[in-house]
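Trainee: If you're matching them up, the sequences are chains A and B in order. Here the first sequence is numbered in the working numbering, starting from 1 and rising by one per residue. Here the second sequence is numbered in the working numbering, starting from 1001 and rising by one per residue.
It should be emphasised that the hints constitute simulated quantities derived from the structure, not laboratory data. Idealized CB from N, CA, C, for every residue including glycine. Errors might be hidden in some of the hints.
One side of the interface only, derived from the structure: several residues of chain B facing chain A at Cβ under 10 angstroms [claimed, not checked]:
hint	residue
1	1045
2	1055
3	1071
4	1074
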Amino acid sequence: MTTWRTDVRRLLRLDLGRGDPAQDVRDEMETHLALRVEQLVRDGLTPAAARAEAERLFAVGDGTLRALLDEARSRDERAYRRERWEAAWQDVRYAARRLAREPAITAFVLATMALGIGLNVSAFSVADRVLLGGPQHVREPDDLVRLYSRVDHDVLGRELQAWLPHPVFIVLRDGMKTITGMAAYRVDDAMMGSGASSAKRTVARMSSEMFGLLGVRPARGRFYVAAEDADKVVVLGERYWQSELSADPDVIGRAIAIDDEPHTVVGVAPAGFTGPDLGRVDAWRPISVAARNSMNMKVIARLRAGVPFDAAAADVGRLRGRVEETLPAWARWLRGATYHVAPLRYNDAGREPLEAVMARWLAAIAALILVISCANVANLMLARLAQRQRELAVRAALGSGRGRLVRLLGIEAALLAAGAAALSLVLMAVIEPIVTRALFPQGAWEFRLLDLRIIAVTAVIALVAGMLVSVVPAVRAGRHDVVDALRSGVRSGGGRSPLRSGLTVVQATLSVVLLMGAGLFIRSLGRVQAVDLGMDANRVHVVEPRYAAAPRAPGESFSDWVTRRARLERAQYAVLAEAARRVPGVKRAAVSVGVPFRGGVTQQLWIPGRDSIRTESGGGPWVTAVGMDYFATMGTAIRAGRAFTESDHGGSEAVVIVNETMARALWPDRPALGECVVIQDRASGCARVVGVSADIHRDGLRDQPSLQLYVPVGQERGFSGSALLVRFADAGSGTAIAALREALTAADPSIRSIDAWRLADGVAGDVRPFRLGMMAFGLSAALALLVAGLGLYSIMAHAVTWRRHEIGVRLALGARPGSVAFLSVRRGLALAAGGMTLGHILSIGARRWLEPQLFETSATDPAVLTGVTVVLVSVAVFAAWWPARRAMAVNPIEVLRAD
Amino acid sequence: MTEPLPVLKGTLDLLVLKALTWQPMHGFEITTWLEERSRRRLALEDAALYQALYRLEKRRLVAAEWGVTEGNRRARYYRITPAGAARLRQQTAQWLRYAQTMSDLLLATPGGTR
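Taking the hints into account, I'd like the entire structure generated from these sequences.
Mentor: Structure (structure tokens):
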């Protein structure tokens, strides 16, 4: 009677429900006894006797029964569990088969979800480093605080600043009661290595207590100790040790030159250790005695366990009087500063650093993209659900409850989420370094993919994504009236849902906003790179050798010493310029006292017959002393007159070359050539203007026009510090620079180390924000576009499925397939247009905020607007056209016959 | 008729599996099958049979399903699984060797060299 149903249910793998094992055993025994009684009666026994005999033969007793019951119960338990597992496994296989049947869509969904998850895990790992976990290898970073001073000053304002004089550090360290320790450090540039292979590196001075305070252990050797605070010892960064010393296992005890002084290596820090900050550090050395007395340091303290932040703030605040009492000589310098604490992650100005703000934004954008991509995947699954409406209706009619349907969808979502999570871990290996390097180029922490926390976070995010994906279709599937669906097929029911349309418009809007951002930054970057710096910044390298010190000889007067040194420097650089010119790949070389992007020297200027001279917003007049061939080397044009020649030197007639701005500002009504200027020393005579040069950006990309004048090397007064400018035939390859270094050290063995940098590096910091903006916006825009395209696709696919019947009728009535497809594409374009409008309104609204971030680019740049429109419309057309193909392929006969 | 032999420990499972190779049966059918085939020479305890069946089911050597008897009674039908059949083959071979060895030993006579 009920068996056929059981069989069908089993066939469809529906729940069989769970029986009562005790009742089963009793039933089975009863049948047995009854049959036995029948047998015995047939053999001639009376029914009563037969019953007694049957029971005797069965050996019915309490013990037997219980044993049977136990056996049955455990058997039943196992069978039930097995059945559940089998059912679940069947569901998984069923879901996997269904996903495999549409490989393109499944792959697309997996890719979108994996990107979404990967982006979120990247955001987490960055936020973990920047906001939560502190620098790598730092134990319990929440208990660490930075110390700040604040001077309330009319002019300088009330900014917190992280720099404290070393003696103040000592007073605070000895005075604070709420801390277990305090340590000081500062990070600077220094030359590491010697001779041709030397290079500028990031070297920290750090008090020995810092290692213990942070809780870091050396990877090799040991850290230096308090007794070595004045010694020339060094702990190397792991990356420096790897790349510069080829991970030399015998590095301990070796001597490494830092600023030309040999330091003994005592240890190597663990990989990823960056000290209290997040930037890469190549070496740590103790705070020398000289530094102790004068230098400003940054200071870190570890709070005693359980001490709240406010207590520490009050504690250090109280020490103001003590500092002033103990250091009366510093009173003028300290100007009544007060002392404060802030969390470790705060920057030198006592505020959340840019990185932390960006990490929050990144996390927010990543979460938004994940949510939207999940909504889209849900939509897509919903669309596919509609295609299965009949199957589901049949299942439901056979008693497959809502729970079962939800479970099926849930399993599909779980499979997708698990696949996406696995894929995202692979993607992470690619995404993470890009994200980190793009947003935090100075960050030096090591990212470990197979970190337990990362895997746990991936799993949690994937779980959330899976739930988001399964919840919407499940609710809708549950709500749908299955009987109706069964009765009418897929003809009825609304294909348009305002929720879905709204979601698609929101996605399109987000894509437009992000695309606009990316476009504007690309445009800015293009403009930045097209800026004429007035010099060939890509081909010119600034080469700065360091020589052994030339101390004052006994009995030598100060001015004699200065003169001797200047003469020595001039001779040295003449040799270098000559040597450089002979290096293959070098086109020109020139000496210059003062180089762009390095500040500069301004001097007093008089023009006979005038009381004052007009200066420009960029200040000046800036004075640079340049050698022969300077303008040709730099690639700076001479607009009028001549460049300096060999016959311009310290002993010849005083001459100057002025830049165009200066020529225009000082002699607006006549040519500057031949005019007279007096520089710095009023008593000195006229310097004759012999040339007018093109303006250069001497300070950076957003340079203001300034007065600039050049004098021949040897005629400068009151400043010194030469550099060699070398122009390469091309951008200056690594081997050409190495050859140059070799040639220079060979030409003058007294060179201790050489710093060399490309002039273009001087504006790299100015270019970086645009590159960064382009990367950040471009990455999120690409993802958002992908996600929006998927959303549009799913909604159109959904619509085509719902309207199959209608399309069939239209085609049967003679509509051309093309016009049917157009219906679908038109709807896609309408949604895209909605997003476009909203996106543009938002972009215009954000104009005031956006434009200062851009470089000479309007927030409503027409080229960007056009580009964004083209991209969005293409994506919309493509996403709508794909399902439309299916609409065109509808066979009207088939559709109409199906009813 | 001689007194029925007690069923040796461990042999009941084997006998049940053997019985089920004929066709799926419910408990009482198995009992009668064993009784008739053994010409009632074995003393079978019905309760022990069911314990054996449950045990075999737990080990997945037999599988059970509810069905209806000819007399329209609800009964549990057991059938042998592939694993059960394999076990039966292996155990049968072992038993036959054992029985052969036993009879050889017990029938051996002094001086006999068989």
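Trainee: Of the numbered hints stated earlier in the document, which are not met by this structure?
Mentor: none
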